[in-house]
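Engineer: Here's the letter readout for the chains.
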Amino acid sequence: MRRSLIRAGMAVLGVPALAFAAEGAANSGGWIGPFTVIAAGLGMAIASGLCGLGQGRAVAAAVEAMGRQPGAAARIQTAMIIGLALIESLAIYMLVIGIILLFVQPIK
Amino acid sequence: MEIIEHPPIFRLPGVFWPGYVPDHVTYTWLVMIILTVLAFVASRRVELVPRGAQNALEVVLEQFQQLIDDVIGHEGRPYLPLIATLGLFILTGNLLALVPGLAGPTTNLNTTAACALVVFCAYHYIGIRKHGPITYLKHFMGPVPWWLKGPMFVIEMISHLARPLSLTLRLFGNMLGGHILLAMMFFLMGLDGLIGWALSGSAAGVVLGGLGGGLMVAFTVGFIYPLKILVSFLQAFIFVMLTMLYISGAVEGHEAEHH
Chain A
1 MRRSLIRAGM AVLGVPALAF AAEGAANSGG WIGPFTVIAA GLGMAIASGL
51 CGLGQGRAVA AAVEAMGRQP GAAARIQTAM IIGLALIESL AIYMLVIGII
101 LLFVQPIK
Chain B
1001 MEIIEHPPIF RLPGVFWPGY VPDHVTYTWL VMIILTVLAF VASRRVELVP
1051 RGAQNALEVV LEQFQQLIDD VIGHEGRPYL PLIATLGLFI LTGNLLALVP
1101 GLAGPTTNLN TTAACALVVF CAYHYIGIRK HGPITYLKHF MGPVPWWLKG
1151 PMFVIEMISH LARPLSLTLR LFGNMLGGHI LLAMMFFLMG LDGLIGWALS
1201 GSAAGVVLGG LGGGLMVAFT VGFIYPLKIL VSFLQAFIFV MLTMLYISGA
1251 VEGHEAEHH
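Chains as they are written, first to last, in the numbering used here: chain A, 1 to 108; chain B, 1001 to 1259.
Pulled out of the complex, with its shape left as it was, chain A reads as follows:
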């Protein structure tokens, strides 16, 4: 009785391990795989957060300038949009790196 219980327990505990092993073999995954997910998520969070701070400063300055000189609003707005695009591209680089880490998976 007890021996069969132990066998059943071993089987229950063993099946997920086998499943993990099979899955790992299917993905040909080493231990780096999960860390790429963490790296992509953390990197995107840091990049988009800091990018938001930078864009906020830029927009605040542009809106202040537009308030002081409404006549130059159109030119300030154009300059602001170009600046925002340049700031945003830094976060976009991280997005591309994240996409490569998650979907292309050069390092497994």
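Keep in mind that the hints were calculated from the coordinates and are not lab data. A few of these clues could be false.
Label pairs and their computed distance ranges (CB to CB) [what the hints assert, rightly or not]: (1) B:P1018 with A:G52: 42 to 48 Å; (2) B:L1181 with A:F35: 20 to 26 Å; (3) B:L1191 with A:T78: 43 to 49 Å; (4) A:A61 with B:M1152: 26 to 32 Å; (5) A:E64 with B:I1229: 26 to 32 Å; (6) A:T78 with B:H1124: 46 to 52 Å; (7) A:Y93 with B:L1061: 29 to 35 Å; (8) A:T78 with B:G1201: 53 to 59 Å.
Quantities reported herein were computed from a predicted structural model and do not represent experimental measurements. We put the beta carbon where it would ideally sit given N, CA and C, even for glycine.
Chain A is fixed; fit chain B onto it per the hints.
Structural biologist: Quick look at chain B alone, frame taken from chain A:
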């Protein structure tokens, strides 16, 4: 990448190789056909008082010309075909990706890299033809004392080489990022998501899944689609704007830095 990509409804079988023509190539041709037909219809019977398609395209091209006059000045007029073609191609490609069942050419790195390389070669060619090779190379050194000219040249070279990279990745990343966002929303809604739960027949599933699915549909259609249309216009505008800034930098040469 195959996880988040869906096959579009229309694919061309490859003639010279097994499988299909890559989707971005097929849909680049679709964009070309759309623009050609539009231009043909608009210019078939050119009238002094424009009507219909001719009127619409004239408004669009006048906007481009206004933008060029503002950024480059009147000497930028000859570059209107290059700039307007890039802008219309990118805008149409961006908007095509939003039609369900079609693929967008600008969501592929190859298309955006091709556009950025065209810009890179074009503005150097324009600058060299305007100033001659020696003067054009000198303007990389900038208005600095002689002992700074060497490092300045290296820095300018790196910044010029980074321009096509940033143009490419900005357009590609913005478009693909939006599509991944849409894909996530559709996965949440999809048959193994909220709508699938609502269709499964259980009472809780019908109430919660139906409510959640409805909310998600409203959120997608009411918020993400308008946002993506805005981003499509904005990215085309930014690409064109940066192209014009690069051309204006190449045309002005080093006189511009003194005033």
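Engineer: Determine for every hint whether it applies to the structure shown.
Structural biologist: To see whether the hints hold, each was checked on the structure:
Range check, P1018 (chain B) to G52 (chain A): about 47 Å between beta-carbon atoms, so the 42 to 48 Å window is met. For L1181 (chain B) and F35 (chain A), the hinted distance range of 20 to 26 Å is satisfied, since their beta carbons lie about 24 Å from each other. For the pair L1191 (chain B) and T78 (chain A), the supplied restraint of 43 to 49 Å holds, since their beta-carbon distance comes to about 45 Å. At about 28 Å, the CB distance of A61 (chain A) to M1152 (chain B) agrees with the hint of 26 to 32 Å.
As the Cβ distance of E64 (chain A) to I1229 (chain B) is approximately 29 Å, the hint placing it in 26 to 32 Å holds. Separation of T78 (chain A) from H1124 (chain B) is about 24 Å and departs from the stated range, judged on CB atoms against 46 to 52 Å. Separated by about 34 Å at the C-beta atoms, Y93 (chain A) and L1061 (chain B) satisfy the suggested range of 29 to 35 Å. For the pair T78 (chain A) and G1201 (chain B), the supplied restraint of 53 to 59 Å holds, since their beta-carbon distance comes to about 56 Å.
Comparing the model with each earlier hint shows a violation of hint 6 alone; every other hint is respected.
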